[in-house]
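Visitor: Spelled out from the first residue to the last, the chains are:
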Amino acid sequence: MIPEIGQFALILALSLALCQGVLPLIGAHRDDAAMMSVARPAAAGQFLFVAVSFGCLIWAFVTDDFSVLYVANHSQLALPTGYKISAVWSAHEGSLLMWLLILAAWTIAVARYSKELPQKFAARVIGVLGLLSVGFLLFALLTSNPFERLHPAAIDGADLNPLLQDPGLAIHPPLLYVGYVGFSVAFAFAIAAMLSGDLDQKWARWTRPWTVIAWLFLTVGIALGSWWAYYELGWGGWWFWDPVENASFMPWLIGTALIHSLAVTERRGLFKSWTLLLAISAFSLSLLGTFLVRSGIIVSVHAFATDPTRGYFILAFLAIVIIGALILYAWRAPALDSAVGFRLLSRETFLLLNNVLLVVAATLVLLGTLAPLIVEMLNGGKISIGPPWFQVAFLVPMLPLIFLLGLGMHTAWRSQDLGPWQRLFRVPAIIAIIVGLIIPLFIYGRVGLLVAVGCIAAVWIVASSLIQPLRSWRRAEGSAGISRSALGMSIAHFGVGFFVLGVTIVSAFGEESDRAMRAGDTIDVAGFQFEMREIRDVQGPNYSAVEGVVEIRRDGEYIGTVRPQKRQYLVQQSWMTEAGIHPTWNKDLFVALGDRIGGGAWSVRIQYKPMIRFIWVGAFIMALGGLVSVSDRRYRQ
Amino acid sequence: MNRFLLPLVAVVVFIPILILGLNTDPRKLPSPYIGKPAPQFELPGLKDPSITVTTASLEGRMTLVNIWATWCVGCRAEHQYLMQLAQQGTIPIYGINWRDSRTQALSWLEQLGDPYVVSGFDADARVGIDWGAYGAPESFLVNPQGIVLYRFAGPLNQAIWEREFQPRILEDAAP
Numbered sequence: 001m002i003p004e005i006g007q008f009a010l011i012l013a014l015s016l017a018l019c020q021g022v023l024p025l026i027g028a029h030r031d032d033a034a035m036m037s038v039a040r041p042a043a044a045g046q047f048l049f050v051a052v053s054f055g056c057l058i059w060a061f062v063t064d065d066f067s068v069l070y071v072a073n074h075s076q077l078a079l080p081t082g083y084k085i086s087a088v089w090s091a092h093e094g095s096l097l098m099w100l101l102i103l104a105a106w107t108i109a110v111a112r113y114s115k116e117l118p119q120k121f122a123a124r125v126i127g128v129l130g131l132l133s134v135g136f137l138l139f140a141l142l143t144s145n146p147f148e149r150l151h152p153a154a155i156d157g158a159d160l161n162p163l164l165q166d167p168g169l170a171i172h173p174p175l176l177y178v179g180y181v182g183f184s185v186a187f188a189f190a191i192a193a194m195l196s197g198d199l200d201q202k203w204a205r206w207t208r209p210w211t212v213i214a215w216l217f218l219t220v221g222i223a224l225g226s227w228w229a230y231y232e233l234g235w236g237g238w239w240f241w242d243p244v245e246n247a248s249f250m251p252w253l254i255g256t257a258l259i260h261s262l263a264v265t266e267r268r269g270l271f272k273s274w275t276l277l278l279a280i281s282a283f284s285l286s287l288l289g290t291f292l293v294r295s296g297i298i299v300s301v302h303a304f305a306t307d308p309t310r311g312y313f314i315l316a317f318l319a320i321v322i323i324g325a326l327i328l329y330a331w332r333a334p335a336l337d338s339a340v341g342f343r344l345l346s347r348e349t350f351l352l353l354n355n356v357l358l359v360v361a362a363t364l365v366l367l368g369t370l371a372p373l374i375v376e377m378l379n380g381g382k383i384s385i386g387p388p389w390f391q392v393a394f395l396v397p398m399l400p401l402i403f404l405l406g407l408g409m410h411t412a413w414r415s416q417d418l419g420p421w422q423r424l425f426r427v428p429a430i431i432a433i434i435v436g437l438i439i440p441l442f443i444y445g446r447v448g449l450l451v452a453v454g455c456i457a458a459v460w461i462v463a464s465s466l467i468q469p470l471r472s473w474r475r476a477e478g479s480a481g482i483s484r485s486a487l488g489m490s491i492a493h494f495g496v497g498f499f500v501l502g503v504t505i506v507s508a509f510g511e512e513s514d515r516a517m518r519a520g521d522t523i524d525v526a527g528f529q530f531e532m533r534e535i536r537d538v539q540g541p542n543y544s545a546v547e548g549v550v551e552i553r554r555d556g557e558y559i560g561t562v563r564p565q566k567r568q569y570l571v572q573q574s575w576m577t578e579a580g581i582h583p584t585w586n587k588d589l590f591v592a593l594g595d596r597i598g599g600g601a602w603s604v605r606i607q608y609k610p611m612i613r614f615i616w617v618g619a620f621i622m623a624l625g626g627l628v629s630v631s632d633r634r635y636r637q
Numbered sequence: 001m002n003r004f005l006l007p008l009v010a011v012v013v014f015i016p017i018l019i020l021g022l023n024t025d026p027r028k029l030p031s032p033y034i035g036k037p038a039p040q041f042e043l044p045g046l047k048d049p050s051i052t053v054t055t056a057s058l059e060g061r062m063t064l065v066n067i068w069a070t071w072c073v074g075c076r077a078e079h080q081y082l083m084q085l086a087q088q089g090t091i092p093i094y095g096i097n098w099r100d101s102r103t104q105a106l107s108w109l110e111q112l113g114d115p116y117v118v119s120g121f122d123a124d125a126r127v128g129i130d131w132g133a134y135g136a137p138e139s140f141l142v143n144p145q146g147i148v149l150y151r152f153a154g155p156l157n158q159a160i161w162e163r164e165f166q167p168r169i170l171e172d173a174a175p
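Protein sequences appear in the order of chains A and B. When the letters of the first sequence are read in order and numbered with this note's numbering, they come out as residues 1 to 637. When the letters of the second sequence are read in order and numbered with this note's numbering, they come out as residues 1 to 175.
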């Protein structure tokens, strides 16, 4: 009964989404206040019914209702309750429902905080979001019903994929979706502006906080995903250039470009048509990501079960949304651009370069992801493009971006005098060169070209992002302090520096060793002694495991004990690696059990990962910077 | 032309690529090694860890390299056909037991029969990665000179053997 209520609620949500998508748009066109006023209540109702539906699915999981096919495929009696809930979004149908819930939540947030906007504009934004909801609700109801019954009901479920039985999975997809779906708000603002045909600097001010919030959730979501892959997959890497990772990374790159281009549009009224195009692209790439993940078009460790009908549906939806938006763009954008000049040495120039480089980076990722498809179509056979290609290709736009970043943030709008600008960078540049060489040389004992460039770039960004906060701190009594949005920018860029430092150090100085170990064996990696004290059997709620107890010492001094496990999940009979990690702020010592080799010995992978935490910490600092900047006073009016 | 039309043009060109992509089978995987020498490997034997299985073991005759594991359902599905190939003496099959446990792998061979000349034990999937394996089961056809002729991802059966493998074996044997 409850699952049927869930499905019925979805149908009701579809009816309300249709009202929300159609009436306010017609109302705005005809200047009919009554029709426009449908927008907010319809959005609230749509959210309510999607939430009821989502609640019903959670209920089906928590009560082990194995007469529901989706539950029977992704849960099991012995699964801990927390994972029964996170299993809701562990596969296609449930995660689509979560996508809908998040879209509806963004919509009511927009409805709630758009009271100051002109009625017509708000009605159009909510209307466009309603149309997007219609598309996704139809997708769920027609091709991916999560409430489909199984007759006869299963006695027990097939269990949640053990890889996904982890706290990281419970929070990573929701955060990622909040970011993905959040770009639909920027998209809706762009469409609304083009429908009305008038786009001013106020438009950019309204759009900015929504975009930054979406971006910061996406940042945290991607960082958590990377962290999860690091400790759960047992490979010890943090980014694999997997198509699905790329699917979330492309909207991130374009979203980052969008945030910067919105700044230009807000401050100077420039780049209007470009900003619109980025807003359309960021959401289009989110849709493309959904398509890649859910259609089975590209082989990936993450890909959901493949089903061609779903692929065609998303593709049709994607085509309608993107082509519709771009036709509107081709029609309206030419009238928008205003001719305001800026000098070559000005912040506008740097932000333009930022945008170009980020778009180039996103294009490279897109090409790398789709190259196998394209080559195959040209009858070139199947090719795989691996991490080596991405690593090299990606450096090309990123290195200049990193160096320009430190310059651009201290350049004045419109026109900058060369003299004071050069003086300003003298100290950070000297610090960057000295510290950037000291770190690899004195801590890790050697330095190469790429390491030096990476470290200097990282310290350069960190140092130059501190200029503004330090000046504000030492400013004369009574003078204006740094604004929240400038502080947020400094923090986010500081995070970029941290991130770059982590990436550089871990890829240059990380060590790894694969050996066979018995109880009592000691292995030396990167100056640390890893002693296998014991290999024993342990029991979990739905798995049994072999656990190694590894004591780590350095020159006889005790550092810590890690307990890597090799788990066998009882229902799916699959083996999972649970790495043992000894984390400190400046390095991780990582031990993963491989397999039993015989005679009581196990293959063991030991890794030394210096500064790897800086990667995720850097990403979190970037997100924090976004949070600080949206709290700026001018967005709260 | 109106430059604001360019994004639209780009997308209209791009979408057919995705449509065609939907119509191709992602399971038909290539191997970076097709037409190239098989990757060098050295694995301890599954049954007898003291012997080593290496690339050199493959040379001198047409062989089938099969990546398998006990946790993989597809491997169970193709096992009977592999047994048939082995019993008929069609082709020597070399196994790479991938990300598996030795005890389980041994009891699997005991219960279902052992079609392999020898199986190497690839506990930490090093060799699987070298061969560019996406998942199990996967089979590679290697010619007497040690060149990889064909790769098939998924469970083998009679029809696939006749359609994909046999013509390649004959073609390679022809002068």
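Derived from the structure by calculation, the hints contain no laboratory data. Every value quoted in this text rests on a predicted model; they were computed, and no experiment measured them. Check before you lean on any hint, since a few could be wrong.
Some chain B residues well away from chain A (every beta-carbon gap over 10 Å; in silico) [what the hints assert, rightly or not]: (1) VAL12; (2) ILE17; (3) PRO39; (4) GLN40; (5) THR55; (6) GLY60; (7) TYR81; (8) ILE91; (9) TYR94; (10) ALA159.
Some chain B residues judged to face chain A by a derived CB distance under 8 Å, without partners named [claimed, not checked]: (11) PRO49; (12) ILE51; (13) ASP130.
Pulled a few chain A residues facing chain B out of the computed Cβ check, cut under 8 Å [stated by the list, open to error]: (14) LEU315; (15) ALA319; (16) ILE320; (17) ILE322; (18) GLY324; (19) ALA330; (20) ALA333; (21) VAL628.
Where a beta carbon is used, it is the ideal one built from N, C-alpha and C, also for glycine.
Visitor: Failing hints, ascending?
Guide: Failing hints, ascending: 1, 2, 12, 13, 16, 18, 21.
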